[in-house]
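Following the hints, position chain B against chain A.
2 protein chains.
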Amino acid sequence: MSLIATAQNMQFDAPLPLQSGASICQYALSFETYGTLNADKSNAVLICHALNASHHVAGVYAGQDRSEGWWDNMIGPGKAVDTNRFFVIGVNNLGSCFGSTGPMHVNPDSPSGQVYGADFPVVTVEDWVNAQARLLDQLGIQKLAVVMGGSLGGMQALSWTLQYPERVAHAVVVASAPNLTAENIAFNEVARRAIVTDPDFHGGHFYQHGVIPKRGLRIARMIGHITYLSDDVMNEKFGRRLRDAVAQELAETAGNGRTFGDYKYSTQDVEFQIESYLRYQGDKFAEYFDANTYLLITRALDYFDPARKFGGDLSQALAHASCKFLLVSFTTDWRFSPKRSREIVKALLDNKRDVSYAEIDAPHGHDAFLLDDPRYMGVVSSYFDSIAKELQP
Amino acid sequence: MSLIATAQNMQFDAPLPLQSGASICQYALSFETYGTLNADKSNAVLICHALNASHHVAGVYAGQDRSEGWWDNMIGPGKAVDTNRFFVIGVNNLGSCFGSTGPMHVNPDSPSGQVYGADFPVVTVEDWVNAQARLLDQLGIQKLAVVMGGSLGGMQALSWTLQYPERVAHAVVVASAPNLTAENIAFNEVARRAIVTDPDFHGGHFYQHGVIPKRGLRIARMIGHITYLSDDVMNEKFGRRLRDAVAQELAETAGNGRTFGDYKYSTQDVEFQIESYLRYQGDKFAEYFDANTYLLITRALDYFDPARKFGGDLSQALAHASCKFLLVSFTTDWRFSPKRSREIVKALLDNKRDVSYAEIDAPHGHDAFLLDDPRYMGVVSSYFDSIAKELQP
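Just so you know, the sequences run in chain order A and B.
Quick note on numbering: our numbering labels position 195 of the first sequence as 818, and the sequence is numbered without any gaps.
Quick note on numbering: our numbering labels position 154 of the second sequence as 777, and the sequence is numbered without any gaps.
Looking at chain A on its own, in the form it has when it is part of the complex (with noise of 0.2 Å):
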């Protein structure tokens, strides 16, 4: 039986200052929540998203098939973050395009009462991570027994353990990254070029003009997949086939020196299929996703640094962390390699921080975190197991 999701709404009136200097007012963000909080309020795990994900994080909205949650696989009832014991909280980040207030939104600071469009603050992991812990104000939860999130949801859940030490049990970091490498900031930027210059962009406000820069948020979308998925996952499942398959399978069997189902030569054409896979996933992508959205979504993966401050050093920015870690990585994680979560535990073993690390040797990529693999989910579950056994009496 499948857990049934409600999408809540909490407005917040007092202003959110940013860490940009500005600040944002009257504000909403939308959550939902799975399983039941206890008594003395202790079993709450907060779920941070990444890039294109929502509050909508497990279960399925009642009357509508394939409306699963993101991170349905791993959450709900008997599943590795068990709903039957854990309340589980998903929250949409503020200037997303899911329900909490984002650039699609009437900028309540117009005087002729325009969405926020390129207006829409700038914010941060931090700035994110400040509304949560509105939310759980909100909620009655002081101290979360877990926040969790994979790839920009993981930096969200380390600055949770930076920002509110003492608000914080655990944290579980997977497939993330203490920081972007110059290349992770690069193919963002070739995303955030090719929206920006779409011409129906209209400076960020194409909303006025009745247009969607569908061309730019394309081609964004097509490069975000590249980086999601390994080469060797991408070989296996597409390969050279062409997308023609039974001309190809005619050319397969043709043999020796001969071939049927050739190439169609052509510079415009759909020729292979891993071709035709990026151009649907980038239409299906401009259709749901706002523009303003990838822009500020991508500038906050940009902007998190927490040893920035610290001159660099990672492991004198973590020492103000004092919950329990568990982080995960995947082998052909290219996007958030091994090596950036192995820059983590080594910073937080420097501080004597307790923590335990799975390197998972998974074929998927960066997408890997958000699949099924027995260990990857043994792991979570395991850990969640022990964190159960701590909450009760």
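Do not take every clue at face value.
Pairs count within a copy or across copies, as identical chains cannot be separated in the list.
[Unchecked claim] The calculated DSBU-like cross-link candidates involving lysine-lysine, where the alpha carbons are at most 30 Å apart (straight line), are:
(1) Lys664 to Lys907
(2) Lys907 to Lys837
(3) Lys837 to Lys887
(4) Lys962 to Lys860
(5) Lys932 to Lys860
(6) Lys766 to Lys837
(7) Lys860 to Lys975
(8) Lys932 to Lys837
(9) Lys1012 to Lys975
(10) Lys1012 to Lys837
(11) Lys860 to Lys969
(12) Lys837 to Lys702
(13) Lys932 to Lys887
If you are wondering where the hints come from, they were derived from the structure by calculation, not from laboratory data.
Positioned in the frame of chain A, the structure of chain B alone reads:
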């Protein structure tokens, strides 16, 4: 004293049949030669170029400062490929935009005298090799001492050994691959989509509209640049440094917990040096490179796959090669990794061919094939020394 280069043009009137089934007639190839062809015409070296290079391989143009050929560090008097001993030929490929017939030239089939644009026929590595062979015929060269190239140029060198085994004594294949992986094709496809979906592309007939799809070309080049560099060298050259270097320096010297020269908090302005570098590279490229050429050349890369007609069996495919080989790869090249070169080496050894292979430990990624590295230059230099000795009567 620098080598003085002079570009030449050779006109071909007999139609060249292409792999696609089409043919091209009345075409010209631009080329340059350096050094002197010996009496028995046995010291010719053909250099094949990669994506955005040309026939201008070595030397400088008279009176033009900073006009060095793209492989001038490798080729010239006393250099690894010594033009005092070898007669070196650089040739611009069909479909390119640096002199040989390409999409910017008038289509002889157009009644109104329009340029080819998107109607330029799709050309393959094999087609280029056939065109190069005709050029050698005209130059009276029956057999090459060496055919040599890096990256896509290496694919042409490899294809020479299969299409004209009797006309090649040695092949030098640098930083290349026996075909593209799905990831390689994916990057090409994103770049092509950026160009084709630029509203200034006009289906490839933008010349008539007096515009250039510069947005798309910029994105294409930015993506390319990321794949040419290693993660390590990007971190070393740019890291997370802000463009405003003075502000950055202040931040670094400010010490624990206090930052001056902080982030600008902008989603559209340049913030990091790597962004500035990529934008500059993109802008520069969009000024001189033809969009249709970009599509053609990336497609030639996608299509190259000598093992294809042997059911993917590279050893069977390379059985047709009879020359001696030098292969070179670079450890941090993730575009065409050493693994890909080793596939070629293995297939040649399966056929008991004479193969030398050097895997150079260099930090620069794919770009390393264009850079000075004493071990790399040493390997090539020794190989050419031994060829020069073979040539002595």
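Hints, one by one, checked against the model:
| no. | hint | in the structure |
| --- | --- | --- |
| 1 | Lys664 to Lys907 | neither (40 Å within a copy, 59 Å between copies) |
| 2 | Lys907 to Lys837 | both (10 Å within a copy, 26 Å between copies) |
| 3 | Lys837 to Lys887 | both (27 Å within a copy, 27 Å between copies) |
| 4 | Lys962 to Lys860 | both (26 Å within a copy, 20 Å between copies) |
| 5 | Lys932 to Lys860 | between (43 Å within a copy, 21 Å between copies) |
| 6 | Lys766 to Lys837 | neither (42 Å within a copy, 53 Å between copies) |
| 7 | Lys860 to Lys975 | neither (42 Å within a copy, 33 Å between copies) |
| 8 | Lys932 to Lys837 | neither (38 Å within a copy, 39 Å between copies) |
| 9 | Lys1012 to Lys975 | within (23 Å within a copy, 64 Å between copies) |
| 10 | Lys1012 to Lys837 | neither (49 Å within a copy, 61 Å between copies) |
| 11 | Lys860 to Lys969 | between (35 Å within a copy, 25 Å between copies) |
| 12 | Lys837 to Lys702 | neither (37 Å within a copy, 51 Å between copies) |
| 13 | Lys932 to Lys887 | between (55 Å within a copy, 15 Å between copies) |
Of the hints listed earlier, those the structure fails to meet are numbers 1, 6, 7, 8, 10 and 12, in rising order.
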